[in-house]
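Chemist: One letter stands for each residue in the lines below.
2 protein chains.
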Amino acid sequence: MAHQGVKLLGAWASPYSRRVEIALKLKGIDYEFVAETLSPKSADILKYNPVHKKLPIFLHNGKPVVESLVIVEYIDETWSSGPSILPADPLGKANARFWAKFIDDKLMPAIMNIRRCQGEEQVKAIDEVVELFKLLENQLNGKKFFGGDTIGLVDITANFLALWLIIHQEIMGLQIVTEEKLPVFCKWIDEYLNSSVIKQSLPSKEELSAALLAYHKS
Amino acid sequence: MAHQGVKLLGAWASPYSRRVEIALKLKGIDYEFVAETLSPKSADILKYNPVHKKLPIFLHNGKPVVESLVIVEYIDETWSSGPSILPADPLGKANARFWAKFIDDKLMPAIMNIRRCQGEEQVKAIDEVVELFKLLENQLNGKKFFGGDTIGLVDITANFLALWLIIHQEIMGLQIVTEEKLPVFCKWIDEYLNSSVIKQSLPSKEELSAALLAYHKS
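Same order as they appear, the protein sequences are chains F and U.
When you read off a place in the first sequence, starting at 1, and then add 4, the result is the number in the numbering used here.
When you read off a place in the second sequence, starting at 1, and then add 4, the result is the number in the numbering used here.
The set of hints was computed from the structure by calculation and includes no laboratory data.
Mixed in with the good hints there might be a few duds.
As the list claims (entries may be wrong) - If you want the footprint, here are the derived chain F segments under chain U, 3+ residues with CB under 8 Å:
# : segment
1 : 28-34
2 : 88-98
3 : 101-109
Remember, predicted model here, so these are calculated numbers, not experimental data.
Every residue gets a Cβ at the ideal spot worked out from N, C-alpha and C, and that includes glycine.
The following block holds chain F by itself, in its conformation from the complex (with noise of 0.2 Å):
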């Protein structure tokens, strides 16, 4: 089947590289997925990213886009096939962007904060994070996703949280989401690892916790 000239530049477990796949499949577009590394680095990677040499990297009819945030407004604004990512209205599009920001400027540093943390204050620094988690829980509000009825900018964004996240504290003995202090967010889980775009763009539970595993006994 014909690629459309379009191509990702990713890693397996990768949440920001899956955060583009996510994309691709909402709106049915066709791509070549090309498994890379950041160690060693492809000649790929330097040509495409040289600012940052990080994946996931975009490739559109050879033109490069990347940060994974900037690569899903980019998918949506190129494709109207499938559900639109963001809201058409102004001020539902800059809540989305404000609530993306919000995982990864500062809820995703926090909760890696709490690996660096040991015993009085882990407990500390995973508080917080449940603080934080509230916050995003409330955007929540009686809706089944962030986007509404369907998938959205900030269920992409969010797409750690909901997998990687859960099988890190599996795997570290922490409670940090769980039914008891997060339910709303508990529930949107499971909406969405359980929806059918998300099936499809997501590595197995069982599948990433083999390979989260390698990585902390590493």
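Position chain U relative to chain F; hints supplied.
Modeler: Then chain U, alone, in the frame of chain F:
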């Protein structure tokens, strides 16, 4: 004159608040400016930006939008008056967003790092910043502004680099952005600071110098 329900809660000396002012002036939107401080924080800051408790906060018909770049895109999408701040085509939009993010996430932290270093370490920190500036400079590629013939998202994002940084380096006696090291970027600074919209939107060098000198002495 009516304010069309447009209010900006900002700080006079903040480059982030000024980004929003540039966007509003480019679009010819009349607005009410409410001078705020971060210490103490007003009830409005806590009400409208409970997540970050930061400025600027943009209110349109009472609805808040926060994060300066999110606000600038909101303004561009809401008002078609005046020049477009982002290009019309998805690839142009993606590039503008990439370089705006580069300034905020890569260049600004590297600049902040200079002040934390001393001696040989500071020389190295400055060299690193100059290398990042060269990547940005390359994007001008013969154009008057990053946005082409008119001021765009990247130019707006770079307002700190055009004025605040120049004053800081003078006060601190450092050579970061110089004609010799970054001739193309210095030419952009000239064009930018002398454009009519920027003259109306930024404080004068004298006024800002006095404010930043007080900051350095504190």
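Chemist: Output the indices of the hints that this structure fails to meet, ascending.
Modeler: The structure conflicts with hint 1 only, although it agrees with all the remaining ones.
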